[in-house]
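Just so you know, the sequences run in chain order A and B.
Taking the working numbering, the leading residue of the first sequence gets 1, the next gets one more, and so forth.
Taking the working numbering, the leading residue of the second sequence gets 1, the next gets one more, and so forth.
Please keep in mind that the hints were generated in silico from the structure rather than gathered at the bench.
Among these hints, one or two may not hold up.
Any copy, or any two copies together, can satisfy a pair, since identical chains are not distinguished.
SDA-like cross-link-like pairs, simulated, lysine to any residue; straight-line CA separation at most 25 angstroms [what the hints assert, rightly or not]:
1. LYS77 with ILE50
2. LYS54 with LYS211
3. LYS77 with ASP172
4. LYS100 with VAL9
5. LYS184 with GLY89
Given next are the chains, with one letter for each unit.
Number of protein chains: 2
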Amino acid sequence: MEIKILREVLEANRDAAEEVREYLRDKGIFMVNLIGSPGSGKTTLLEKTIEHLKDTYRIAVIEGDVATDRDARRLQKYDIPIVLINTGGSCHLESVSIRKALGEFEASATDIVFVENVGNLVCPAEFDIGEYAKIAVSSVTEGHDKPEKYPLLFNECRAVILNKVDLVQFTDFDSPAYHESIRKLNPGAPLFEISCRQDMGLDKWYEWLSKTRDEWLKSVRR
Amino acid sequence: MEIKILREVLEANRDAAEEVREYLRDKGIFMVNLIGSPGSGKTTLLEKTIEHLKDTYRIAVIEGDVATDRDARRLQKYDIPIVLINTGGSCHLESVSIRKALGEFEASATDIVFVENVGNLVCPAEFDIGEYAKIAVSSVTEGHDKPEKYPLLFNECRAVILNKVDLVQFTDFDSPAYHESIRKLNPGAPLFEISCRQDMGLDKWYEWLSKTRDEWLKSVRR
Numbered sequence: 001m002e003i004k005i006l007r008e009v010l011e012a013n014r015d016a017a018e019e020v021r022e023y024l025r026d027k028g029i030f031m032v033n034l035i036g037s038p039g040s041g042k043t044t045l046l047e048k049t050i051e052h053l054k055d056t057y058r059i060a061v062i063e064g065d066v067a068t069d070r071d072a073r074r075l076q077k078y079d080i081p082i083v084l085i086n087t088g089g090s091c092h093l094e095s096v097s098i099r100k101a102l103g104e105f106e107a108s109a110t111d112i113v114f115v116e117n118v119g120n121l122v123c124p125a126e127f128d129i130g131e132y133a134k135i136a137v138s139s140v141t142e143g144h145d146k147p148e149k150y151p152l153l154f155n156e157c158r159a160v161i162l163n164k165v166d167l168v169q170f171t172d173f174d175s176p177a178y179h180e181s182i183r184k185l186n187p188g189a190p191l192f193e194i195s196c197r198q199d200m201g202l203d204k205w206y207e208w209l210s211k212t213r214d215e216w217l218k219s220v221r222r
Numbered sequence: 001m002e003i004k005i006l007r008e009v010l011e012a013n014r015d016a017a018e019e020v021r022e023y024l025r026d027k028g029i030f031m032v033n034l035i036g037s038p039g040s041g042k043t044t045l046l047e048k049t050i051e052h053l054k055d056t057y058r059i060a061v062i063e064g065d066v067a068t069d070r071d072a073r074r075l076q077k078y079d080i081p082i083v084l085i086n087t088g089g090s091c092h093l094e095s096v097s098i099r100k101a102l103g104e105f106e107a108s109a110t111d112i113v114f115v116e117n118v119g120n121l122v123c124p125a126e127f128d129i130g131e132y133a134k135i136a137v138s139s140v141t142e143g144h145d146k147p148e149k150y151p152l153l154f155n156e157c158r159a160v161i162l163n164k165v166d167l168v169q170f171t172d173f174d175s176p177a178y179h180e181s182i183r184k185l186n187p188g189a190p191l192f193e194i195s196c197r198q199d200m201g202l203d204k205w206y207e208w209l210s211k212t213r214d215e216w217l218k219s220v221r222r
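Kindly produce the complete structure, drawing on both the sequences and the hints.
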């Protein structure tokens, strides 16, 4: 019973995700879904990334949050379109809400949409929202064993962020073990070791993001 | 549709949780449910706590894990009964599995059962597993805004752990803001500021746990 219904929920989600994907390809809007634990640094990464790319691309943001508008408020300073989705307790974003949120942006004036998912390593990885890329956002202080313990996200993502590398000396983080897990779960995904707080390693992430977006746009415009 | 079924799932969970609670009271087994983000330090806290209390209480552990037996293996050195529940992708433990797991322990030889839930700040808080106390395990490196952003757990728990306080100087953690959130969400819950890695602040936690368990036992034996 439960399983059957869950399947229906997942199917309805998949259908709406396909519509979202179609819409984004049609309008040439590149959408990225940031997924990670609470406190892994998704909002800070978003702040840095917006600051760096906002003169090159027209950026919009969909903020997923269980209960508050804290993260959305943190981004208001950039004067870009933001839609906040309060999930009211739910642990992930679904494509039906994303489809509605996208309708709030002027499509012809939007190059990239960043979605910040609810802080959670498990459920958001199960729900396709029509994005081009899931990005796994992890941090040194969570420990090196997280990819192995929560494999789905690290398996599905197109890139992995390892944040807070400035704190590595104060932890027992085993960097070779972490690298090895990522290599096993997702050999093709680039791994960006960064510190948002100390502004370390971000250039390669910006570069990869721009290049990936530009190539994606070429492919959908063909 | 979805909502109706979710309600059924929650109701079935609640019924089994009541059975579990009844069983624990009957047998005088104190059960604690550790909930927190991936990497907040649940397993390390458990290691420390077992080490400290194992000569006073007969301890057993139920380990919830999405996919691996890593955490269960970390606890094997203590030579205590451990049941591993692999949720197979699911983001929380439910009371039906807990009821089954408890059956694996010899009741007359068990004083305290620690449950380590799946690493997740959202879903585990919604599922009563028949425990006496939910403990919120958070850490400085996740940021001070987490109680406000994920209020359910911090509202429902009987105590809050703030781990990794040895790292506070390397972060932007706003301690008064964190305290204020906890005070608002859960004025009665004690807050233990600890570092498992540096062995700081744990004595008060051990003391509270023992005292709470002993008082609980008196109340059910009346």
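Verification of the hints:
1. LYS77 with ILE50: within (11 angstroms within a copy, 48 angstroms between copies)
2. LYS54 with LYS211: within (15 angstroms within a copy, 56 angstroms between copies)
3. LYS77 with ASP172: So LYS77 and ASP172 pass the 25 angstroms test across copies only (19 angstroms; inside, 36 angstroms).
4. LYS100 with VAL9: within (17 angstroms within a copy, 28 angstroms between copies)
5. LYS184 with GLY89: between (34 angstroms within a copy, 19 angstroms between copies)
Hint compliance for this structure: every hint is met.
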